[in-house]
Amino acid sequence: MSRNGMKMIVVLLLAVGIVTTAFANGQGEDADDDGAYKYVAIAKSMDNPAFQVAEQGARDRVAELDGVSLEWTAPTAADPANMVQMIESYIQRGVDGMLIDSLGPSITTAINQAVDAGIPVVMFDSDNPESKRTAYVGSDNYQGGYLCGEMYVKAVKGNGKQYIAILTGVPGALNLQERDKGFKEALNDAGVDYEIVVTVPGNDDLTQSVEAVENTLRGNEKINGFFFDGPWPLLVDSSNLPLMMEKTAAGELTVVSFDTLQQELAYVADGTVIGLVGQKYYGWGYHGLTVLHEIVANGAKYPEIVNTGVDIVTKDGTGDAFTVEEFNKFWDNFSFNEKPIMPEDL
Amino acid sequence: MKVKKLINPFLQSAEAGAFLAVIILGIVLTTASPQFLTVSNLTFVARGFSFIAIASLGVGLVIITGGIDLSVGSIMGLSGVIAAFLSSHGFGTVLSLSGALLVGVIMGFLNGILVAKAKLAPFIVTLGMLSIGRGLVYVVTGGWPMQGLTKPILFLGQGFFLGLPLPVWIMIVLLIIMQIILRYTAFGWYVYSIGGNDEATRLSGVFVDRIKIGVYVISGFFASIGGIVLTARLGVGETTAGNGYELNVIAALVLGGVSLSGGMGSAVSALFGAALMGILRNGLVLLGVSSFWQQISIGTVIILAALFDQIRLKYSK
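Order-wise, the sequence lines are chains A and P. In this text, residue positions in the first sequence follow our numbering: the first is 1, and each later residue adds one. In this text, residue positions in the second sequence follow our numbering: the first is 1, and each later residue adds one.
Calculated from the structure, these hints are not laboratory results. Do not rely on the hints blindly, as some may be mistaken.
To be verified - Sample of chain A residues lacking proximity to chain P, with all beta carbon distances greater than 12 Å (derived):
#1 G219
#2 K301
#3 T318
#4 D332
#5 K339
What the hints assert, rightly or not - Going by beta-carbon spacing under 8 Å, a handful of chain P positions derived as facing chain A:
#6 Q35
#7 G48
#8 G142
#9 Q147
#10 V236
#11 R281
#12 N282
#13 Q294
Unchecked claim - One-sided excerpt, in silico: chain A residues whose CB lies under 10 Å from chain P:
#14 T73
#15 A77
#16 D79
#17 M86
#18 E88
#19 S89
#20 I91
#21 Q92
#22 R93
#23 G94
#24 G104
#25 S106
#26 T108
#27 P171
#28 P201
Predicted model only: the values in this text are computed from it and were never measured. Every residue gets a Cβ at the ideal spot worked out from N, C-alpha and C, and that includes glycine.
Please put together the full structure from these sequences, using the hints given.
As structure tokens, this is what we get:
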């Protein structure tokens, strides 16, 4: 064989060898101690702070249990085909249970493959009801929207007719539609005189959402209420939302929003937003892992849908609500005071 | 001396790098993970990368002529939802498939006309088409996953034949067809010739524009097939299906030794490149590598492949 040919093969061998071993070893921190029970959690994507909290919740629960190890992962992009491939690879690897955030009906067959291979699958955040999944752990979006509506009703009592705009994410998303439905139902139930003037999409994009809010307010001066069915505009600095800030400060606009991410809390503290209702991101992981482990290790029976409830944040924190200070502390410690949900609690 | 005679032509072929990498990676993974070298795992891996491989076959042709096609991911997505849309509206298997393929052919044709006749840069044209295609996906679906594919279409993505998944069979058949086109037809020769020297080919009396339009049409057609099979595999016409796949396709081709400056590459390049990426993804999961690191490792391998190619070219001269 020629010297050059040898050289090339050696270079290639080294390169591929280095890459695979380096990446295989360089990530000991991702797998907890090897235990009797090996679980994997597959989130929708890697670029959302909510999933970091969910991961923390799952890891905290792992630490409370004996002999459990967890791998937390996600497709590199929110791509259903990629998620299907991951699920198939984990079936091959033979884990004891899976925690999956559904990217839609496309992954139904992959979930069924796992269940057929004897691996229990618990869904979190987004359910996949058509599949053979073992259980779903998450918040009731309709209930969350309804609570937003109730807060709105309380805030505008006796203020006359409400002209409300809704900011949504990607048009058609099921969980967002449920929130909108709950919101409207609460207003109907309270007998508020209102009109949904417009529903604007921000396509899950911060900049587009900010523009949508500002342009909507600029375009229709009648609007005196805004419901954000996701957190987007409140994740950026308030200087991006001059018109919204001006109108709320003048008492001409009532804003209520979904989600309780830390960046949003400042808007409650300064009175711009009257209240937030959020899913329990930490609970996705914490309760998701609890339910999965109880089913795998103890053969526990849970209802098909395990409702983790919601968190409410208002300025004064009356009733079930948290104050901004209390909730900020949760975020600072990355710990949200959850207790394991056992089958007998339900 | 004899060994050298055997090895040198191999090393001079464009696929050498990807082929060796696949072998080495296979050996490393077999020793590191007992689950890697099993029939069921390899079957899933092959099905997993078949969609990219199918689309790569078409884009490879475009790249060999010195062009680029960034619209394939969108064409895949659009063809998939069109197939789902037509089937769910009762058009039946044949009409649904024809409609979906036609969409790919039309988009490819538009790409070709704009590149060959309007002399626009392929990067710009197909970038525009990427956006148009994805937009049309949303227009068709309204953001909703579309269900209701007919049984035969679902079988294309989920079925098995002689123990192998249908998408893998489709990939193999298309690979053979493409290999024949490239090696044994005048069209194939012109494709390489245009990539080598556009103007010289024109002066020698070849209808360069027609060939160019042809390669974009074929690229759109193959992307359509890939998209239909992907959608059939998922069972649903998904708005995000194929999103960003153009980059996976180009990465697969580069890994397979296709030169982005044109004139070089083969159908087998597309297969090995896509296989390398699919095996890498699977292997990293089997080894328990986090998805953050997976992206980094795939990027590293792409750069290494290009580096290897450079070294190979230098020494094979």
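We went through each hint and held it up to the structure:
Every C-beta of chain P lies more than 12 Å from that of G219(A), the closest at about 23 Å, which supports listing it as non-interface. Non-interface status of K301(A) relative to chain P is upheld: no Cβ of that chain comes within 12 Å, the nearest being about 30 Å off. Its beta-carbon lying about 38 Å from the closest one in chain P, T318(A) satisfies the requirement of being farther than 12 Å from that chain. Look at D332(A): its CB is around 24 Å from the nearest CB on chain P, clear of 12 Å, so calling it non-interface holds up.
With a closest Cβ-Cβ approach of about 29 Å to chain P, K339(A) is found to remain outside the 12 Å limit, as its non-interface label requires. For Q35(P), the interface hint holds, since its Cβ comes within 8 Å of a Cβ in chain A; the closest pair sits about 5 Å apart. With a cut of 8 Å, the hint placing G48(P) at the interface with chain A holds, because the nearest CB-to-CB distance is about 4 Å. At about 5 Å, the closest approach between the beta carbon of G142(P) and any beta carbon in chain A falls short of 8 Å, and the interface hint on this residue holds.
A cut of 8 Å between beta carbons decides the hint on Q147(P): the least distance to chain A is about 6 Å, and the hint holds. Here the hint on V236(P) is kept, as its CB sits about 5 Å from the closest CB of chain A, short of 8 Å. Hint status for R281(P) relative to chain A: holds, with the closest Cβ pair at about 7 Å, below 8 Å. At about 5 Å, the closest approach between the beta carbon of N282(P) and any beta carbon in chain A falls short of 8 Å, and the interface hint on this residue holds.
A distance limit of 8 Å between C-beta atoms decides the matter here; for Q294(P) the minimum to chain A is near 6 Å, and the interface restraint holds. Because the closest C-beta pair between T73(A) and chain P is about 5 Å apart, less than 10 Å, the hint holds. A least Cβ separation of about 6 Å between A77(A) and chain P falls short of the 10 Å threshold, and the interface hint therefore holds. For D79(A), the interface hint holds, the least distance from its beta-carbon to any beta-carbon of chain P being 6 Å, beneath 10 Å.
The restraint placing M86(A) at the interface with chain P holds, with a minimum CB-CB distance near 6 Å, inside the 10 Å limit. A least Cβ separation of about 4 Å between E88(A) and chain P falls short of the 10 Å threshold, and the interface hint therefore holds. Taking 10 Å as the C-beta contact cut-off toward chain P, the hint placing S89(A) at the interface holds, the least distance being around 4 Å. Interface restraint check for I91(A): the shortest CB-CB distance to chain P comes to about 8 Å, inside 10 Å, so the restraint holds.
The criterion of a C-beta within 10 Å of any C-beta in chain P is met by Q92(A), whose closest approach is roughly 4 Å, and the hint holds. Given hint, R93(A) at the interface with chain P, holds; its Cβ is 5 Å from that chain's nearest Cβ, closer than 10 Å. Given hint, G94(A) at the interface with chain P, holds; its Cβ is 7 Å from that chain's nearest Cβ, closer than 10 Å. The restraint placing G104(A) at the interface with chain P holds, with a minimum CB-CB distance near 5 Å, inside the 10 Å limit.
Nearest Cβ of chain P to the Cβ of S106(A): about 4 Å, under the 10 Å cut. The hint holds. The beta carbon of T108(A) is positioned within 10 Å of a beta carbon in chain P (closest approach about 7 Å), and the interface hint is therefore held. Satisfaction of the interface hint for P171(A) is found here, the shortest Cβ-Cβ separation to chain P being roughly 5 Å, below the 10 Å cut-off. Below 10 Å, beta-carbon pairs count as interface contacts, and P201(A) has one with chain P at about 9 Å; its hint therefore holds.
In summary, this structure violates none of the numbered hints.
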